[in-house]
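The residues making up each chain are set out below.
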Amino acid sequence: MTVKNNNWHLHGFPGGIELPERKERASDSAIETLPLPPLLVLPLRQHNGLPALPVVQEGDCVHRGQLIGRAAEGRSAALHAPADGVVSFIGYHAYPNDSGLTELCIGLCTDEIGSIDEEEMVDDIDLSEEDMRERIAMAGIVGLGGAGFPSADKLTRNPVKWLIINGAECEPYISCDDRLMRERSAAIVNGAQILGRLLRAEKILLAIEDNKPDAIAAMADACFETHIELVVIPARYPSGAQKQLVQNLLGIEVPSGQHSVDIGIVMYNTGTCYAVARAVAHSEPLISRIVTVSGDAIERPGNYEVLIGTPIEYLLQSACVNPNKLRRVILGGPIMGIAINDLAAPVTKLTNCLIGSGPGELDEELSARECIRCGDCVEVCPASLMPQQLYWTIKSEQHARAAALHLGDCIECGACAYVCPSHIPLVHYYRHGKSVLWAADQQRTGANHARARFEAREERLEFQQNARTSAQSARSSVHHYESESVADAASPDAADLTIMPLEPDAAAVAAAGMATETIAKTLKTAAVTGAHNDRMPEVLAAAQRARTKRANAAAHSAPDSAPGSAPTTGTEPDRANIAPYSDKDKT
Amino acid sequence: MSAIIVLVLLGLGAGAVLGYALIRYRVDSNPLIEAVNALLPQTQCGQCGYPGCKPYAQAIATGDAINKCPPGGDDGIKRLALLLGLAPLPLDPTRKPDSGKRVAFIREDECIGCTKCIQACPVDAILGAPKLMHTIIASECTGCDLCVAPCPVDCIDMVAVPREPTDWVWPRPRAIDIIPIRLLD
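Respectively, the protein sequence lines represent chains A and B. Here my numbering is used: the first residue of the first sequence is 27, the next is one more, and so on. Here my numbering is used: the first residue of the second sequence is 4, the next is one more, and so on.
Keep in mind the hints are simulated off the structure, nothing from the lab. Model, not experiment: these values are computed from the prediction. Each residue gets a CB set at the ideal place from its N, CA and C atoms; glycine is no exception. Among the clues, some could well be false.
With the Cβ distance kept under 10 Å, some of the chain B side facing chain A (calculated, not the full set) [said to hold, decoys possible]: (1) 43; (2) 47; (3) 55; (4) 125; (5) 167; (6) 168.
Dumping the calculated DSS-like pairs for lysine-lysine here, alpha-carbon to alpha-carbon at most 30 Å [claimed, not checked]: (7) B:99 <-> B:71; (8) B:71 <-> B:81; (9) A:575 <-> B:104; (10) A:460 <-> B:104; (11) B:57 <-> B:104; (12) B:57 <-> B:99; (13) A:460 <-> A:180; (14) A:421 <-> B:104; (15) B:71 <-> B:57; (16) B:71 <-> A:421; (17) B:81 <-> A:460; (18) A:575 <-> B:99; (19) B:81 <-> A:421; (20) A:575 <-> B:134; (21) B:81 <-> B:99.
Put together the whole structure using the sequences plus the hints.
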């Protein structure tokens with residue numbers, strides 16, 4: 027399927043499927059700004075990486091564009107208030123993800139939209155490259171195509187040969203990038219040029235599928251007399267997937283287990299380019315995005331400019347959802363998206379599409395049958411995997427074998443499941459397999475970490491004990507102190523402590539016995555030990571209090587049986603019970 | 004005669020090579036112990052009756068039962084059985100089954116700074132000093148419970164770790180699940 031166009035030689039990619047577009051419903055009308063919702067819910071993790079750390083508290087007044095979550099150390103992205111308002115809660119809230127689990131979110135009761143604290147618009151020529159990187163990082167921009175990788179982290183300082191701007195948008199229904207390219211092409215080109223400059227890319231390519239003629243025309247105009255090359259690629263799902271697009275444009279296959287950035291290719295979505303342009307030229311953080319709302323149950327399908335954190339329910343209502351027709355709400359495209367149940371979940375930075383499907387629009391009750399080994403899935407797999415082999419291994423829970431079959435290279439595009447005549451939910455199996463492998467990996471990492479710490483501790487204890495044994499004779503003054511201070515304590519545990527080498531000949535006895543070990547552990551220095559024993563009454567008192575509390579809790583109905591007497595009068599059994607500083611292992 | 008000399012020389016030569024190999028390629032520890040230890044969860048909790056995971060690994064390598072590790076659970080037993088070529092057993096019923104991932108939490112205003120829990124912690128996950136409040140480094144805690152018993156004032160709780168979406172494992176598909184969604188034409 028090698029196609030020659032725009033003087034650019036396309037190399038094609040394996041597999042892929044032709045899908046009905048169903049984009050026109052939403053793509054025909056201009057981008058519409060959604061009215062301000064009364065409540066915004068901002069998850070602290072809207073990206074691939076560590077969650078942002080909140081820098082506001084409940085009740086704080088925030089203004090539009092203000093930082094409310096700073097990026098954590100490591101891979102993370104900042105979070106900003108999309109509107110003026112008051113922080114109403116910081117806590118767990120429904121979040122659009124597969125698990126249905128909640129995520130830590132910041133809730134914002136909005137006032138009317140205030141103006142953003144906009145630094146005067148600057149020409150990017152005036153900014154140093156470090157300033158630009160700083161602005162991009164501060165703006166909390168993440169990959170808006172769906173992966174959600176923080177954009178600043180992608181701005182590698184290693185040499186980059188190719189910068190690819192991805193405007194393919196290959197999944198049905200979705201048209202947010204299409205509309206953005208038609209209406210805001212200049213800003214996209216501006217953003218692409220900024221990214222190209224920061225990455226020192228040798229060549230910038232802009233890839234658009236041939237089913238978006240208006241976007242192609244607009245972008246061709248905007249790219250005129252720039253060094254951005256516009257490449258029109260044939261519409262074939264999943265042409266917009268990163269590795270497939272690289273392969274299609276450059277004929278280079280990204281090696282298994284690597285990212286395209288490892289081989290000098292960086293890819294950004296057109297929406298991300300737009301956000302970068304806004305951040306650099308206007309200091310505007312990422313507080314809104316374009317979301318396609320479509321489907322048979324939506325009366326006013328279209329592309330809406332939505333503040334991040336807008337509840338999905340509000341967005342659907344603004345697009346006039348017809349509850350009588352609504353069957354399911356799909357977040358994302360119809361192939362890779364997920365069905366969501368809790369409509370209070372917010373639109374995040376990664377939400378590109380919402381589908382309110384009507385009756386008969388999307389499959390609902392197809393039950394899976396057995397695999398007939400027809401091989402159709404192998405034909406369409408764009409990653410050249412063997413989907414049916416993966417299916418068999420995961421179905422029998424042989425996850426290590428699935429990993430050996432390169433399960434990790436599956437991009438979960440769903441082409442295999444789409445063509446499967448037995449309607450097997452293949453991608454669901456792959457996700458199951460991947461997450462089991464991931465969990466096992468996490469467990470192994472944690473176990474190795476714990477083992478390393480355990481071994482280091484054992485080593486340290488051994489070292490300390492050796493050091494003490496060798497320095498035993500020099501410690502007699504400590505033992506004098508110790509034996510004096512616990513001499514009055516007649517408990518058997520405390521008595522153990524007194525078995526200490528006071529005379530030279532007793533040293534041999536103690537060295538052989540357990541007393542050495544116990545004391546080596548407890549007595550760090552004479553001063554500390556002394557301090558401990560000075561505190562003996564307090565410790566006994568605290569222990570007494572704790573016991574009282576326990577007794578009260580256990581026998582709540584009983585009248586106050588707590589011994590309210592002076593705590594220092596702890597009896598001998600009490601002492602034996604708590605064994606304050608003897609540290610004798612009662613093995 | 005020459006045949007005898009040749010055979011004796013061959014024998015001596017082979018013996019020298021084998022003797023050298025014995026010293027040069029000596030295996031100090033039993034590799035089976037390491038392999039078993041790698042499958043144990045490394046909580047160092049001692050619920051198996053041994054003072055840590057490695058001693059239990061040693062015991063397994065010398066023939067102890069493989070079903071004494073509650074944190075490893077059925078999966079752990081299955082992996083051990085696979086490694087050792089044994090039949091998987093259910094968890095030893097005398098041991099308390101694992102109740103999910105937990106970490107210790109010190110109620111800090113009640114802590115008297117006695118350092119007993121610090122000494123009990125097998126992975127150095129407790130921070131503190133004598134007479135000063137202690138606290139748990141949650142990310143290092145393996146949830147082994149060993150610090151709970153020594154505390155003289157009972158200020159340590161074991162709290163369940165909340166489930167995060169990132170820890171979530173996709174369930175096995177059931178027949179009715181249809182993901183991804185197919186388009187009807």
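Hints, verified against the model:
no. : hint            : in the structure
1   : 43              : holds, 8 Å
2   : 47              : holds, 5 Å
3   : 55              : holds, 7 Å
4   : 125             : holds, 5 Å
5   : 167             : holds, 7 Å
6   : 168             : holds, 5 Å
7   : B:99 <-> B:71   : holds, 10 Å
8   : B:71 <-> B:81   : holds, 12 Å
9   : A:575 <-> B:104 : holds, 28 Å
10  : A:460 <-> B:104 : holds, 21 Å
11  : B:57 <-> B:104  : holds, 21 Å
12  : B:57 <-> B:99   : holds, 20 Å
13  : A:460 <-> A:180 : holds, 24 Å
14  : A:421 <-> B:104 : holds, 27 Å
15  : B:71 <-> B:57   : holds, 13 Å
16  : B:71 <-> A:421  : holds, 29 Å
17  : B:81 <-> A:460  : holds, 20 Å
18  : A:575 <-> B:99  : holds, 27 Å
19  : B:81 <-> A:421  : holds, 18 Å
20  : A:575 <-> B:134 : holds, 22 Å
21  : B:81 <-> B:99   : holds, 18 Å
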